[in-house]
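Participant: Sequence:
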Amino acid sequence: HPYGYQNDILYGAPTLLPDELDQLLDEADVVHLKDESGFMNGTNLMPIDLVTRHKKPVVFHLYGGVSRRLQDDLSFRNYLSSFDATVSVTPDLCFDWLDRPLYIPHTVDTRVTPYVWRDSSVVGHSPSTRARKGTKEFLEAVGRIPGIEVDLIEGVPHEECVRRKERTSIFFDQAGVDNLAD
Numbered sequence: 227h228p229y230g231y232q233n234d235i236l237y238g239a240p241t242l243l244p245d246e247l248d249q250l251l252d253e254a255d256v257v258h259l260k261d262e263s264g265f266m267n268g269t270n271l272m273p274i275d276l277v278t279r280h281k282k283p284v285v286f287h288l289y290g291g292v293s294r295r296l297q298d299d300l301s302f303r304n305y306l307s308s309f310d311a312t313v314s315v316t317p318d319l320c321f322d323w324l325d326r327p328l329y330i331p332h333t334v335d336t337r338v339t340p341y342v343w344r345d346s347s348v349v350g351h352s353p354s355t356r357a358r359k360g361t362k363e364f365l366e367a368v369g370r371i372p373g374i375e376v377d378l379i380e381g382v383p384h385e386e387c388v389r390r391k392e393r394t395s396i397f398f399d400q401a402g403v404d405n406l407a408d
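If you're matching positions, the sequence shown starts at 227 in my numbering and goes up one per residue.
Think of the hints as simulated: they come from the structure by calculation, not from any bench.
Since we're looking at a predicted model, the values are computed, not measured.
Here a beta-carbon is modelled for each residue, glycine too, at the ideal position from N, C-alpha and C.
Check the hints yourself; a few may be wrong.
[As the list claims (entries may be wrong)] The following label-pair restraints were derived from C-beta to C-beta distances:
1. Ser347 / Arg279: 46 to 56 Å
2. Arg279 / Arg393: 45 to 55 Å
3. Asp252 / Glu363: 42 to 52 Å
4. Asn270 / Val368: 12 to 22 Å
[What the hints assert, rightly or not] Keeping only pairs whose Cα atoms sit at most 20 Å apart, straight-line, the calculated EDC-like set for lysine to aspartate or glutamate is:
5. Lys281 / Asp245
6. Lys281 / Asp310
7. Lys260 / Asp299
8. Lys282 / Asp261
9. Lys359 / Asp399
10. Lys362 / Asp399
Full structure from sequences and hints, please.
Facilitator: So this is what it looks like as structure tokens:
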């Protein structure tokens with residue numbers, strides 16, 4: 227992963243999917259699909275029936291700008307209706323036209339990442355893409371507050387990002403729907 231996240235299983239070359247992936251899907255009770263439009267439009271280069279041919283319940287995970295951009299697209303809506311359930315980790319993706327959308331907040335494994343509070347004047351921000359996260363507007367706004375230090379966390383491994391977030395009192399993720407198109 228470009229940010230150095232750990233993976234349980236990662237298949238980077240979809241045209242070289244091993245037989246073990248089919249076996250894994252055969253053994254699964256539920257398939258959790260986090261692929262906003264790759265199967266729908268074929269851009270992930272995987273067989274379109276990869277997750278459905280195993281006849282298991284499939285939960286579709288909405289997670290970002292593609293879902294926001296396509297929310298009014300009839301073909302995207304029909305695509306989502308073909309799944310057994312939809313989940314999202316941000317409440318704005320629980321669109322009112324979805325049948326029983328489920329919001330699941332981000333979880334934190336407190337055994338790995340214990341609660342940390344340090345009183346400070348540091349505000350953190352780690353944009354994956356500045357335009358999508360409203361970084362320009364954030365920096366303009368926070369620049370008006372005297373005594374605030376901004377830690378703009380970019381281009382570092384995941385472990386360093388987490389370490390730097392620990393020294394912040396406030397963390398800014400994103401804002402501005404107009405900035406979320408891509």
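Participant: Indicate, hint by hint, whether the structure satisfies it.
Facilitator: Each hint tested on the structure:
| no. | hint | in the structure |
| --- | --- | --- |
| 1 | Ser347 / Arg279: 46 to 56 Å | holds, 55 Å |
| 2 | Arg279 / Arg393: 45 to 55 Å | holds, 48 Å |
| 3 | Asp252 / Glu363: 42 to 52 Å | holds, 48 Å |
| 4 | Asn270 / Val368: 12 to 22 Å | violated, 37 Å |
| 5 | Lys281 / Asp245 | holds, 17 Å |
| 6 | Lys281 / Asp310 | holds, 11 Å |
| 7 | Lys260 / Asp299 | holds, 19 Å |
| 8 | Lys282 / Asp261 | holds, 17 Å |
| 9 | Lys359 / Asp399 | holds, 7 Å |
| 10 | Lys362 / Asp399 | holds, 13 Å |
In this structure, the one hint that does not hold is number 4.
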